[in-house]
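Take the given structure of chain F and dock chain W to it, following the hints.
Residue numbers (this note's numbering), protein chains in the order written: chain F, 340 to 654; chain W, 14 to 294.
Please keep in mind that the hints were generated in silico from the structure rather than gathered at the bench. Honestly, I wouldn't trust all of these hints.
Claimed, not checked - Here are the computed distance ranges between Cβ atoms for each label pair:
1) ASP529(F) - ARG16(W): 49 to 57 Å
2) ILE50(W) - ILE412(F): 39 to 47 Å
3) VAL79(W) - GLY362(F): 30 to 38 Å
4) PRO492(F) - SER51(W): 52 to 60 Å
5) ASP529(F) - ILE50(W): 27 to 35 Å
6) GLY65(W) - PRO452(F): 37 to 45 Å
7) TYR527(F) - ARG108(W): 30 to 38 Å
8) PRO259(W) - TYR527(F): 53 to 61 Å
9) ALA549(F) - ARG111(W): 23 to 31 Å
10) ILE462(F) - THR67(W): 56 to 64 Å
From a predicted model like this one, the values you see are computed outputs, not experimental measurements. Where a beta carbon is used, it is the ideal one built from N, C-alpha and C, also for glycine.
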Amino acid sequence: MAVAKESPPARTRADETHSVNWGEAIIETLIKAAGISTIFIIALIFFFLLREGIPAFLDIPLRQLFGPRWYPIEGIYGLLPLLVGSLMVTVGAVVIALPLGIITAIYLGEIAPLWLREILKPIIEILAGIPSIVLGFLGWVVLAPLVQNLGAPTGLTAFTGSLILAYMSLPTIISISEDALYAVPKEYRDGALAIGATQWQTIWRVVVPAARSGMVIAIMLGIGRAIGETMAVMMVTGNASNIPPLSPGMFFQPVRTMTATIAAEMGEVAQGTLHYNTLFAIGIVLFVISFAINSVAGRLVGVKGTRRERHGAQL
Amino acid sequence: MSRQQTHRLAMIVITLVAAIAVIPIVFVIGYVVWNGISAISWAFLTEAPRTGMTEGGIMPAIVGTVILIFGTAIVSMPLSIATAVYLAEYAHDNRLTRYIRLAIVNLAGIPSIVYGLFGLGAFVLFMGFGTSIVAGSLTLGIMTMPVVISTAEEAILGVPQQFRTVSLSLGATRWQTIRYQVLPHALPGILTGLILGLGRAAGETAPILFTVAAFYLPELPGSVFDQTMALPYHLYVIATQVPGMPLSIQYGTALVLLLIVLSLTLTATIVRTQMRRRREW
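Bound conformation, chain F alone (with noise of 0.2 Å):
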């Protein structure tokens, strides 16, 4: 920390005693309440959830909610299917896409050459950028007839679903493992090395571990990202709104997740209704993972210091 970041002349106590001008003043205040707004934006967002979500838990018995049978219907609205549905192609997204993720990070950090590199980041970075309705269109005409040829009976399943949010959130994972494995400082691979380790020795025994508490936290935001993701799900998962009994086959079947259902059903339900109710329910629920795995990623990275500080401190 000994590149400790100057801190701007402009806040020391003389400035601030000195002259105070109005036009000054009122540009200061327009601009922290942009900050602040921030803030008021997300306790927005929640409350308009909370306003025309509320009614779903007040109306629907508990024990209803988190029943096992979505049936929109004959007014049947058990969460657990699109919990089960959510958890499972989450699950199978994050089991793929933790090694493919980590493992190319590593690649990229420790083993390509310069030129190499230099080419694969932008080409991860393309991937960033494709919409997900797009991979969500790929996965509905290529990627669903080549899992269904492996013998399911349809190629709308979980898996299928697994595989497109891997893809999905590899960028995240790979460039956030990289960050951790690049804040590994460079004398741990050279006094590993000098002692006479192999190249992988020193990459699985010193940097990996070092950089354990980095991965930690690429494993949570892809997990926020895959657990978020709507449209691509929606198309490739079949939708099934039923619980796949516990079997080694259960992710090749149609499952329903809980972003697909809001996006499914909300075009069609009245305003007003428990029906339309409950789809913003399942959004509070929704914004409520997403909040506590961010806060928690955002308080391991050190919500205080941007990207460049962090790297800064280490040169």
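Positioned in the frame of chain F, the structure of chain W alone reads:
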């Protein structure tokens, strides 16, 4: 197996896994281009859909997406840049600042469909804008704020401290220093963030589902309180909701959307590279 053999094996495995991660990306883009390019013609880009969308072009959806990009920029830009200025130049390291940063992290993490619900509850219904360009732009604009704020803040922090010191020592006020010294130098970085955010907004479907997107609307919107078609939703509709839709039109639509979004991302990357190259400090 000796240490050296393990090392060699590990290197091969890592390289293979990295290839598994990267090759599908190239494949995805190549595949969309390959299948979509034949559908693209002047008529496809400039005509409205006909006969239940199975013929004709996608012009209203393209125009709608462009309108939404501008609407998003208008909503997102002032608030995001002001927030970034506050965080970089004014904020003290106190509880308020920590809450603001926490809010931004969380805004970035909220699922896009939840933004859609918020837009529906707040702008479409509560404020009475109806399903309209205004409601959609507000929703997308708020959704883009975290990206723009964090990039803009980095850009502002990147302006050397001496610039501020000199300006202040010449008698400029703090705001004059920011306005005439800091912001002009941070501009390319701020633009990068804005364009990145707009690229993301242009490709989003979930936030516009209930706030602005029209299923089928051959005319262009007449005012900002009208609905409009938009490319992402149009692609969803023709892929899943319209039976007997020719595949070539679907791929063509996907390609146009991909080109718009990627050209924005690419522009942002180029601006950033130019900025680094030209930086005189």
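So, going through the hints one by one against the coordinates:
no.	hint	result
1	ASP529(F) - ARG16(W): 49 to 57 Å	violated, 18 Å
2	ILE50(W) - ILE412(F): 39 to 47 Å	holds, 43 Å
3	VAL79(W) - GLY362(F): 30 to 38 Å	holds, 37 Å
4	PRO492(F) - SER51(W): 52 to 60 Å	violated, 34 Å
5	ASP529(F) - ILE50(W): 27 to 35 Å	violated, 50 Å
6	GLY65(W) - PRO452(F): 37 to 45 Å	violated, 53 Å
7	TYR527(F) - ARG108(W): 30 to 38 Å	holds, 35 Å
8	PRO259(W) - TYR527(F): 53 to 61 Å	holds, 58 Å
9	ALA549(F) - ARG111(W): 23 to 31 Å	holds, 27 Å
10	ILE462(F) - THR67(W): 56 to 64 Å	violated, 35 Å
When held up to the earlier numbered hints, the structure conflicts with 1, 4, 5, 6, 10 and fits the remainder.
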